[in-house]
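Protein chains in written order, with UniProt numbering: chain A, 1 to 659; chain B, 1 to 659; chain C, 1 to 659.
The reader is advised that the hints may include incorrect statements.
[Claimed, not checked] Mimicking DSSO-like on lysine-lysine, the simulated pairs with C-alpha atoms at most 30 Å apart in a straight line are: (1) 289/B with 74/B; (2) 289/A with 74/C; (3) 289/C with 74/C; (4) 106/B with 289/A; (5) 106/A with 106/C; (6) 74/C with 106/B.
[Said to hold, decoys possible] Covered stretches of chain B, going by a simulated chain A footprint (3 or more residues, C-beta under 8 Å): (7) 142–152; (8) 206–214; (9) 219–228; (10) 358–372; (11) 505–514; (12) 588–599.
Derived by calculation from the structure, the hints in this document are not laboratory data.
We treat Cβ as the ideally placed atom computed from N, Cα and C, and that holds for glycine.
Listed below are the residues making up each chain.
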Amino acid sequence: MTAEMTRPELGVCYYPEQWPEAQWADDARRMRELGLDWVRVGEFAWSMIEPAPGRFEWDWLDRAIDVLGAAGLKVIMSTPTAAPPRWLVDKHPEILPVGPDGNVRKFGSRRHYCFSSPVFRGEAARIAEAVAERYGTHEHVAAWQIDNEYGDHDTIHSYSPAARDAFRDWLARRYGDIGALNTAWGTSFWSMRYDDFAQIELPNQMVEEPTPTQLTDFLRFSSDQVQSFNRMQAEILRKHAPGRAITHNFMNQNEDFDHHAVGADLDVASWDAYPLGNLVHGRLPEADKQRLLRHGDPDQPGFNHDLYRGVGNGRMWVMEQQPGPVNWADANPAPADGMVRLWTWLAHAHGCEMVSYFRWRQAPFAQEQFHTGLLLPDSTPDRAFAEIEEVVAEAAALPALPPRAPSEVALVLDYPSRWALSALPQGRNFRAGHHALDWYSALRRLGIDVDIVGQHTELNGYRLVVAPDLVMADAGFIKRIAASDTKAIFGPRSGSRTEAMHVTAPLPGAGLAPLIELRVTRVESLPDWHSESFLMGNASHAARRWRETIESDAEVLATFEGAYREGTPALVGNDRARYLATLPGDEGLRHVLEDTLRWAGVDTLPDLGPDLRLTRRGNVTFAFNFGCEPAAAPAPPEATFHLGAARIPPAGVAAWSET
Amino acid sequence: MTAEMTRPELGVCYYPEQWPEAQWADDARRMRELGLDWVRVGEFAWSMIEPAPGRFEWDWLDRAIDVLGAAGLKVIMSTPTAAPPRWLVDKHPEILPVGPDGNVRKFGSRRHYCFSSPVFRGEAARIAEAVAERYGTHEHVAAWQIDNEYGDHDTIHSYSPAARDAFRDWLARRYGDIGALNTAWGTSFWSMRYDDFAQIELPNQMVEEPTPTQLTDFLRFSSDQVQSFNRMQAEILRKHAPGRAITHNFMNQNEDFDHHAVGADLDVASWDAYPLGNLVHGRLPEADKQRLLRHGDPDQPGFNHDLYRGVGNGRMWVMEQQPGPVNWADANPAPADGMVRLWTWLAHAHGCEMVSYFRWRQAPFAQEQFHTGLLLPDSTPDRAFAEIEEVVAEAAALPALPPRAPSEVALVLDYPSRWALSALPQGRNFRAGHHALDWYSALRRLGIDVDIVGQHTELNGYRLVVAPDLVMADAGFIKRIAASDTKAIFGPRSGSRTEAMHVTAPLPGAGLAPLIELRVTRVESLPDWHSESFLMGNASHAARRWRETIESDAEVLATFEGAYREGTPALVGNDRARYLATLPGDEGLRHVLEDTLRWAGVDTLPDLGPDLRLTRRGNVTFAFNFGCEPAAAPAPPEATFHLGAARIPPAGVAAWSET
Amino acid sequence: MTAEMTRPELGVCYYPEQWPEAQWADDARRMRELGLDWVRVGEFAWSMIEPAPGRFEWDWLDRAIDVLGAAGLKVIMSTPTAAPPRWLVDKHPEILPVGPDGNVRKFGSRRHYCFSSPVFRGEAARIAEAVAERYGTHEHVAAWQIDNEYGDHDTIHSYSPAARDAFRDWLARRYGDIGALNTAWGTSFWSMRYDDFAQIELPNQMVEEPTPTQLTDFLRFSSDQVQSFNRMQAEILRKHAPGRAITHNFMNQNEDFDHHAVGADLDVASWDAYPLGNLVHGRLPEADKQRLLRHGDPDQPGFNHDLYRGVGNGRMWVMEQQPGPVNWADANPAPADGMVRLWTWLAHAHGCEMVSYFRWRQAPFAQEQFHTGLLLPDSTPDRAFAEIEEVVAEAAALPALPPRAPSEVALVLDYPSRWALSALPQGRNFRAGHHALDWYSALRRLGIDVDIVGQHTELNGYRLVVAPDLVMADAGFIKRIAASDTKAIFGPRSGSRTEAMHVTAPLPGAGLAPLIELRVTRVESLPDWHSESFLMGNASHAARRWRETIESDAEVLATFEGAYREGTPALVGNDRARYLATLPGDEGLRHVLEDTLRWAGVDTLPDLGPDLRLTRRGNVTFAFNFGCEPAAAPAPPEATFHLGAARIPPAGVAAWSET
């Protein structure tokens, strides 16, 4: 795979260890006949590979890979560290993670390891090296996945003795001497002063919240543990599997570690796309959830495509695509017929190189027996099978497309800022992940393609940077914007905290200087049962959950209404940057961003409405109808349709070129 | 007591140890004057009987039994194992149960024992034998209760070392070798393979859910522990108390152990009836709860009468009947005046031999001081006293009635299926206990008498078997239906799992073959805020919470409506059985069942409405008005009324013969 | 400070240890220039005073006090026991409290001590004595605060081994022999008998609730531990700081210990006033919360002023007044501009001698960085600064006022009764703290000034005692009322339990004899989704949550309506006392109390509505408009206005004399 013109590639997740060997060849043949190119194996196979300490059984896996490869499939091999065997737990019970309640979390499912356990790190390196040595240069193994879904089941924050010791070491490295820690943590506050790093404990089971600096340090530390664990494995794979793409399958929107940082050690970022469970648990009001129950949030998958395309430095796969109902959400509805095809094309349009479905065949046993696959347990095709056939046929007719070009608009997702918000939410209803998706959604309804970036990203060419929650604005990033032609808009709380989790001096908002000067003199969190409003032009919009009183020499572009401090600024801006002092509802957010896009010289479309989304790749425009009613594709009369037509049915896709 | 024609007998729960001995004789006299026949004693008296290890104080209890017996009361003596003394906990702290949080649950209330503790089993046998030896053939002791309310306070699932060891032994017996367990548990799934039974842990405090087979095995094991504990005591009683009826007082609708299995070791099943707390915590929508606040769910007591009549192989008592407000629900309203009488007659109509009220006198101290009795704490009569007087007077006028004849309709409650649903609910709002009560209610509104049975039950004579949630259909049971003239209707998920908690092969639904052939190709759990519909004849009905896509050669009797897979079958049937692929609302369920009853040759009445219920015993028809408005008894003009009249007031009862 | 005519004094909480020493003098100067009289310091300074065991660093604190004193401020010095240093935890980890889950609660915030730890009591005495010796007679130290906010972070109920041992000793002292405990706890109930005090455990992690007597004993014990801990420090201060006022800053409405009892060892009771968080978490319906979001519950601060005025035997301060948004509530809105002034005058009107704001400058680090102060982090004035300037200017124009005269009406808050309700709530929605505030609110809407008293209080002169929830009526108190001219009204559950937490004999309500004779023959708790009604005169009012059936020879003043027991008494009374058998809604409660006030000879005003409140001090009437619309001051035409005018704007204050 290169950065050249590509057609969509497809794959599937397969578990030879779960099926009789006699079935493998037929499975492989059918995968290939369906049009699949890739197959992922091995991520939970440790106890089958090494059934006893040091005793390896490679034969079955050799044969499985041979069978798959012989059928013409490229294999994504995995390091099996996400599920350590029982014998390892017996030998080293200290590898188990410890929950915030102080209890050791038991063997019997998966991810039962503490990232800080030196024993487990050694064992993980050992098994990764063994697998990499065996298959690193195997002719059929074309790529590698490290571990599986970091962060699943809340396993990143462990409160084990190993984590405590590692945290103390990490703090000693970060602060050098204990006095610096005392200053950063503000231990003069409640007589919390430490004399030695060895006195420091993990921030669970305290009488009351610890200092937010202790909390954010623990969150940083925990993220660093994931990063170094992943890097250790990546280095092993680079040594033994030269030229193979290395990836990890991220969980969408998990915020427990810095995805940008982990992505820097990978060749491709992949992610696991389960839109319907995300709808059920997600940000939308109930009426929208009802309408979209079988279609999902129109912006959640696109947001993640755009995020992981950035995390992968331009290269992104979907490693696990939901093929039907799943097993883990509070309610598990079925996708509308057609949605698997829609999601596949959506991924392609957002620059995804490969979409792999989870899983080939529904398992009739164990934890995920309600998780569907491409085949039913009796090996007959489930619905997604037919939709993939359709995609394969359509793909043949679609022109090969270049990688996604950079967008004009970049949205910033900064993990340390999210940790800051987690450490000091200041309101129970402040959910930064939801708010950022709201901002993204507003841009997408205006027809804008978006890149999602970190503060380390180059600005080269962006007309507008959109930062909904950049609490810990990095001075270098702000300076780079100031030195560029890029304009920026910041959401409330941006630039309000230093890296040490102190209020920026002199006042919150100072972190955005010199781009824009402002003083936040008051912040409020507001309950869900209360709403305020602000006036922009002649339009009054809802202001919810958060409101700031700001002072700034910048121009006032919108003002608060109502009995409390009427006329104070809700939106200010100079010629380089804008600052929004509240969280508007959908309509208000669209108004603010439409005005801001125009100011930044970005063309917008009229509001596409809640359910239609456009995405451009190369010279092709894709349109996706997430709604329950047919939609009109906003294509010019002379457009050449590659997929669908001007009338897009519910769960339908259209794609056209204008040349 | 025999299976001959009987009149209602009445009793009361009494605690001589809680009152001055001087009061006993007067209490006994008043019980008898009220018309009570039975008195239960002793179930919490261990520390009074054996105040120190091996030192027994029988005198007080001898005298108490003599006083009660002398007054003409038959005594139900209890084994006092539900409340071990403090000295036993001091001597053997390992008898205490351990909660799912891993913490030992302390002494200071009741049920503080782990069913798996060998020490406690030994001690329980010892005290049971001592009590049985003392009173087994006592002239006044006519029946025995074992322990008290198995399952109360979530004490059946213990996570103690003793439970862990016993679970390992149980698994070793069940599976023989560890390979068989690995296959059943599907440990190839997440590298969960075991080499030895000694590696297996209890399924609490895991990183993520264990395999559902591990969970269902733990639930089976826990149920077996109750069964063997109860059997041990039953055997002791049979040895020392020949000819006395042995019972246990079950808690209504507890699903933590197999009531059928425990009932097989008893002579009579008794249960504890607390309708109002069940209403407050129960299945009904809020508007119904408001209307029925002081009357209770019209179907909850009847359901339990019919269940425990089956558990007791035809013999059923109410051991504890709510006499007024209780102390344990989230809210504790008073029964409407008249309800205690209504519930007593309801029990009689459902075949109950004896209704015992809990308790004689309200206690002015300890945990249950808000629990009312027949007397107030000052020994003046509370309201129920007068209603019992009324029942006694009425009973004299009512003809003696035979035991309940078998009904034409049997509803299946299979405990292993409930454990399967608990292990893999697949949707947070899937509450099988509520759904089964909904089905029962629909039958009862159509005037149908119902038996509630297990899969072991003989079908002899049933026209229709109704199985709302028979997940683990037993092949023998299905074959017996197929070989009989009995027809059957199954709710969704029926026949979908093997005993090993695997999907039935080839697909869910296969467990119902050869009775009916179907393939469930997709299941969905749906959130409460979403509703779908199905069409049956010209009527459109709500489909909630669960929906399946099925394929079957059977006739399609109803189809789903709406945008998703319109026209796929919602109800199918052949000449032997029907399968319903969703959970309808009240109206739809009544439509489905009315049609099915007609098909099975069972006569129905027009819908009795939400609040009126009919029950037949012998040649007498009883009608119960649970509503707030007067109701018309559906009696023929020539009916002879034994109780009440054609106009039944709120909380009123009527009973008539047609001969 | 004396009981003479006084003007409002003002103060502030200051943390010199949190700021550079160079800033102290300027801070002190600005405090004084603003018009502040007092400054509180030191309550979290232990680790700064004693950075290592026995090594004291007084110099910085000497200098800080000197700087503050030199500027003209009176210093309130604190004992720093609320935040033990890390080295003390290292040396004696057993001082940490243990949560109800059995886990030790860790160092890292504050209040990390168990009141029962003898080691900690020794250390607390040692540091208190050291600080008292150093500053007891310091010329600038005019008052002392002991510890800080007893009860914050749920730290009064500790389940440590030390607490267990102390509880056993406390029980041994209370009961003398174990037989008396067995009787009181009713251990005959579930075989719970004890042979020795050493067998008794703390009431956490039990299988089911312990006896309510065990629970109330544990709550009494825990309160006693606080009382003795506080007294120990008070005695040290009295020895070393003669003539200085000793106080503790109570948390509003905390019920975990007996505030009257602790207050008896103080010279002044102070409390911490955070009205907006209390609104968010408080009793009012959502519509009221929306309207009052930035104004707070109009009765919550007044209730606490009146309570702590009683706790302080007439002397009351506000030690921490919310100056803007805070950091700890579920949502943290800003006070409307003007509210800080309003709350300050409200305190003065209720007899408060001094209002101290928390805190001088907002901290840019540590846990409370979102808690505002008088200054922003950059030392520029926040909004409250200007409002205090206004108060200072107004105070100069206001006549000096005498202490608050006793009111005609006393409302009883009895802590043991609250513990009884906590031990046996009998309904999940029974929130005595909310109900008492409802009663207070009804009185205040009728223009009544209220004293809040304990059962120990002298009745001298009260026309009416109002007891919303006097579960454990003290016989001496009831007799004192009976022997006086004072009339009384009691809410439901009053007089229903003995000190041993038994039902009063013969029936609940007997505890009010001989004042009023009644028999409560039935109690019910009702769910929130249900409402009943009662009739008083021609008016029908809602009856919620609780309903009793009572028998009494007293006159029936209101009766229940509806299908259940229509016509039974809802309110009865003789010429000395009344008893209300339910919890009315606002309107019904006002009707009952208006009628009762008239009966008791107390003049009322027409309903002031939900948002206007009147308070009288000396010959001045203050009016406070908590609403969003202007209100008319109910002042006579000839009134002389000292503050404001006849039209009171939202968040406005008026004060006038009629002479």
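Results for each hint:
At most 30 Å may separate the alpha-carbon atoms for a hinted pair to count; residue 289/B and residue 74/B exceed this at roughly 38 Å. For the suggested pair residue 289/A and residue 74/C, the alpha carbons sit about 60 Å apart, so the restraint of at most 30 Å is broken. Between residue 289/C and residue 74/C the CA atoms are separated by roughly 38 Å; this puts the pair beyond 30 Å, and the hint is violated. Between residue 106/B and residue 289/A, the direct Cα distance comes to roughly 45 Å. Violation of the 30 Å bound is thereby established for this hinted pair.
Between residue 106/A and residue 106/C, the direct Cα distance comes to roughly 24 Å. Compliance with the 30 Å bound is thereby established for this hinted pair. For a cut-off of 30 Å, the pair hint linking residue 74/C to residue 106/B is broken: about 52 Å separates their Cα positions. Given as covered by chain A, the stretch 142–152 of chain B fails the check, having 0 residues with a CB less than 8 Å from a CB of that chain where 3 are the minimum. For the stretch 206–214 of chain B, the stated coverage by chain A holds: 9 residues have a C-beta nearer than 8 Å to a C-beta of that chain, and at least 3 were required.
Beta-carbon proximity to chain A at under 8 Å applies to 0 residues in the stretch 219–228 of chain B; the threshold of 3 is not reached and the given coverage is violated. For the stretch 358–372 of chain B, the stated coverage by chain A is violated: 0 residues have a C-beta nearer than 8 Å to a C-beta of that chain, whereas at least 3 were required. As drawn, the stretch 505–514 of chain B meets chain A at 3 residues by the rule of a beta-carbon pair under 8 Å; at three or more, the given contact holds. Beta-carbon proximity to chain A at under 8 Å applies to 0 residues in the stretch 588–599 of chain B; the threshold of 3 is not reached and the given coverage is violated.
Going through the hint list in order, the structure does not satisfy hints 1, 2, 3, 4, 6, 7, 9, 10, 12.
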